[in-house]
Amino acid sequence: MLKVMNLSKKFQSGEHLVIAVNNVNFVVPDGVFAAIVGKSGSGKTSLLSLLGALDKPSNGEIFVGGENVSRMSDLHQIKYRRDKIGFVFQGYNLVPNLSAIKNVMLPLEFAGVGKLERQNRAQELLKKVGIDEIKSRRLPARLSGGEQQRVAIARALANKPDLVLADEPTGNLDSATGKIIIKLLKDLAKKEKTTIIAVTHDTAIADDADLRFTMKDGKLT
Amino acid sequence: MGSISRGFMNAFRNNIRTLSVVLILSVSIAMSLVMYESLKTVQAKIADVKSSIGNYVTVSPAGIRGFEGGGNLLTQDNVAKISQISGVSKTVSTLTDHLQSTTTNLVTPVEAGNFGRRQQQNSSSSSSNTSSSPDNSAGGQSSQTHSFSMPIMVSATSDLSSTQSLNMSQLNITSGEKFANDSSENIALLGTDIASKNNLAVGGTFTAYSQTIKVVGIFDGGNTFSNALIVMPLASLQTLSGQTGQINSVLVQTTSIDTMPQVSAAIKTELGSTADVTSSQDTSNEAITPLQNIKSISTYALFGSLIAGAIILFLTMVMIVRERRREIGVLKAIGASNFLVVSQFAVESLVLTLMSAIVGIIIGTALTNPILKVMATNSTSSASTNSMVGNPGQTHTAMMRAGAGIINGAGSAVRNLQATVGWQIILYGLLAAVVIAIFGSVIPSFIISKVRPAEVLRSE
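Those protein sequence lines, which keep their order, are chains A and U.
No gaps in the numbering here: position 150 of the first sequence is 149 in numbering that gives the first Met the number 0, and each next residue is one more.
No gaps in the numbering here: position 430 of the second sequence is 429 in numbering that gives the first Met the number 0, and each next residue is one more.
These are computed hints drawn from the structure, not numbers from a lab.
Since this is a predicted model, take the numbers as computed values, not measurements.
Possibly wrong hints are sitting among the right ones.
[Stated by the list, open to error] List time: in silico DSSO-like cross-link candidates among lysine-lysine, alpha-carbon distance up to 30 Å:
no., chain 1, residue 1, chain 2, residue 2
1, U, Lys213, U, Lys196
2, A, Lys159, A, Lys134
3, A, Lys185, A, Lys78
4, U, Lys213, A, Lys159
5, A, Lys55, A, Lys215
6, U, Lys449, A, Lys83
7, U, Lys39, A, Lys78
8, U, Lys80, U, Lys49
9, U, Lys449, A, Lys9
10, U, Lys267, A, Lys55
11, A, Lys127, A, Lys178
12, U, Lys39, U, Lys49
13, A, Lys127, A, Lys218
14, A, Lys185, A, Lys215
15, A, Lys159, A, Lys2
[Claimed, not checked] These stretches of chain U come out as covered by chain A in the derived footprint (C-beta under 8 Å, 3 or more residues):
no., segment
16, 221 to 234
17, 332 to 343
Glycine included, every Cβ here is placed at the ideal spot set by N, Cα and C.
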């Protein structure tokens with residue numbers, strides 16, 4: 000379960016104090032697909048950075064699986080990102096000179112999983128997201144956008160995370176492929192009992208979500 | 000696949016860039032190796048030249064010019080004063096005289112040659128202008144031309160073990176034995192040539208200064224000039240030649256090559272204008288200058304090449320890190336530690352430098368001796384030009400004759416400098432690669448460690 004309490008993020012931009020996230024509170028149960036919608040600059044990405052321990056909050060606390068993320072040391076945050084979080088980015092962000100399967104194996108390698116186990120797990124995940132064995136040997140550049148995003152989702156799920164954070168996961172895809180990806184995320188959330196938070200400004204995606212939050216000026220409504 | 004294999008693979012991610020970097024870096028590593036080998040060779044040669052020249056100061060009567068006479072001879076008092084100077088470890092006194100056909104029954108083994116005939120003509124014209132000359136009564140000009148022979152040189156030293164004092168490279172007794180340094184008997188050592196020319200063996204006698212001199216030993220002096228010499232005890236020659244207590248050269252050995260300038264200065268102060276002081280430091284400097292030039296060039300070029308290599312790698316790695324900033328962020332976001340990411344890039348830079356090292360070793364091995372030869376040729380020609388301009392009269396003194404020989408020998412040795420390129424070059428090449436990789440990767444690694452994974456989201 001994800002629990003966010005009084006979360007704020009402020010930073011100085013020149014002479015102005017910017018409040019990117021302003022006293023946000025929400026709870027997302029396990030296995031739920033939640034969408035956060037909002038316009039550009041509303042604070043969605045800042046909120047996602049805080050949830051993923053990519054940034055430290057100015058105030059408030061984040062609990063993932065009972066652990067207080069906001070009070071973790073840098074070293075613990077690395078471990079947390081590795082073991083508890085999966086990221087899906089808008090631009091896929093696959094390592095270009097590694098094949099699809101090797102990209103999926105990366106988080107497992109960082110977690111110290113043995114080579115054979117890594118390969119089996121990666122192959123299994125790729126199969127789940129619809130990438131066959133032949134395509135799994137291809138470099139990302141030889142896969143379509145939708146296929147690359149599927150590989151990215153498989154990579155996000157590699158370490159069986161408690162929380163998958165997706166930043167505009169369909170932003171670079173056509174609407175049909177986007178719908179397929181969202182359906183895939185929703186199915187995986189249920190099957191893997193993983194909480195998925197997707198940031199998007201596509202209201203159609205948000206409408207399909209189990210939970211929907213709207214962000215405006217750093218506040219969640 | 001670990002960070003090591005990823006780093007290895009990344010080194011070949013952009014083949015054109017990899018090739019360019021390897022080529023440029025290999026030139027830098029090759030230059031480092033060439034300069035290191037040159038430096039090593041030159042340092043060994045400098046040590047060799049220094050040890051061959053030795054730490055000697057030569058004191059001669061003021062105005063003496065080699066064997067041409069001039070100046071008042073030095074005395075035992077002068078030698079005693081020199082011995083008291085701090086930094087002097089040993090003094091060896093020598094006296095040299097010439098025996099003419101009128102003062103000895105020995106015949107020189109040295110043919111007059113062109114030089115001798117010129118001396119003869121000078122002597123003839125001078126004697127024809129001097130009617131009172133006793134030599135002139137022996138016959139006309141034509142008979143003098145016929146009877147001219149080279150004088151025989153007699154040398155005496157206070158220490159027979161010091162061959163430098165006799166201007167000889169060696170004194171190997173082939174028969175008989177050496178005499179005691181403090182002997183005052185009428186005894187002598189003969190060079191092999193003069194002994195052979197006069198059918199003399201150990202135990203034989205000859206006449207000089209109207210005295211009978213006994214041959215106690217025959218020696219090989221290493222060359223024709225030395226083998227035509229007679230060597231006698233110092234006290235004996237002083238008495239026989241009527242130069243009691245006098246000497247025409249003192250060879251001063253200093254405690255080290257570094258104290259030579261101070262000892263030279265102290266002797267000049269002590270003896271004033273009565274003596275000319277020549278230090279082998281001067282000779283040493285003349286011989287070593289071209290080597291020092293090469294050493295300086297090699298040292299600067301060695302560090303220059305290493306720094307250039309490090310800068311090339313640094314710029315390459317900075318470019319690569321900037322290009323892959325997003326990828327670094329992704330790796331960190333999905334759980335890679337700073338150490339893992341930095342080590343991946345460190346391996347990449349190490350692979351680039353190791354490949355460069357292999358190419359650099361091949362280039363370095365091929366170019367070491369040609370480049371060393373070019374440096375030696377340039378340094379020798381500039382040094383000899385300076386030497387000729389600065390000291391036109393030096394080659395006339397006895398010491399300087401020897402010194403000039405050493406300089407010429409050193410000059411020849413410099414021109415013929417040959418670096419021995421062995422298997423160690425592989426070790427040095429790898430070492431250069433590691434040094435370049437370390438210095439070239441420090442700042443890029445720091446940049447990597449500062450990349451925040453949140454930047455990946457912000458830059459979407």
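How the hints compare with the structure:
Our distance criterion of 30 Å between C-alpha atoms is met by U/Lys213 and U/Lys196, whose separation comes to about 16 Å. As the CA atoms of A/Lys159 and A/Lys134 are separated by approximately 23 Å, the hinted pair is consistent with the 30 Å bound. With a C-alpha separation of about 26 Å, the suggested pair A/Lys185 and A/Lys78 falls inside the 30 Å cut-off, and the hint holds. Distance restraint check for U/Lys213 and A/Lys159: the Cα-Cα separation of roughly 110 Å exceeds the 30 Å cut-off, and the hinted pair is therefore not satisfied.
The hinted pair formed by A/Lys55 and A/Lys215 meets the criterion: a straight-line CA distance of about 21 Å does not exceed 30 Å. A C-alpha spacing of about 23 Å is found between U/Lys449 and A/Lys83, which places the hinted pair at or below 30 Å, so the restraint holds. Restraint check for U/Lys39 and A/Lys78: not satisfied, since their Cα atoms lie roughly 52 Å apart, outside the 30 Å limit. For a cut-off of 30 Å, the pair hint linking U/Lys80 to U/Lys49 stands: about 27 Å separates their Cα positions.
The hinted pair formed by U/Lys449 and A/Lys9 meets the criterion: a straight-line CA distance of about 21 Å does not exceed 30 Å. The hinted pair formed by U/Lys267 and A/Lys55 fails the criterion: a straight-line CA distance of about 81 Å is larger than 30 Å. The straight-line distance between the Cα atoms of A/Lys127 and A/Lys178 is roughly 17 Å, inside the 30 Å bound, and the hint therefore holds. Pair hint U/Lys39 plus U/Lys49 holds up; C-alpha atoms about 15 Å apart against a cutoff of 30 Å.
This hinted pair does not check out: A/Lys127 and A/Lys218 have alpha carbons roughly 36 Å apart, beyond 30 Å. Proximity of A/Lys185 to A/Lys215 is assessed by CA-CA distance (about 25 Å); at most 30 Å being required, the pair is judged to hold. Pair hint A/Lys159 plus A/Lys2 holds up; C-alpha atoms about 19 Å apart against a cutoff of 30 Å. Check on the segment 221 to 234 of chain U: 0 of its residues sit with their Cβ under 8 Å from a Cβ of chain A, so the three-residue criterion for coverage is violated.
Chain A is given as covering the segment 332 to 343 of chain U, and this holds because 6 residues of the stretch bring a CB closer than 8 Å to a CB of that chain, at least three being needed.
When the structure is compared with the earlier hints, violations turn up for hints 4, 7, 10, 13 and 16 and for no others.
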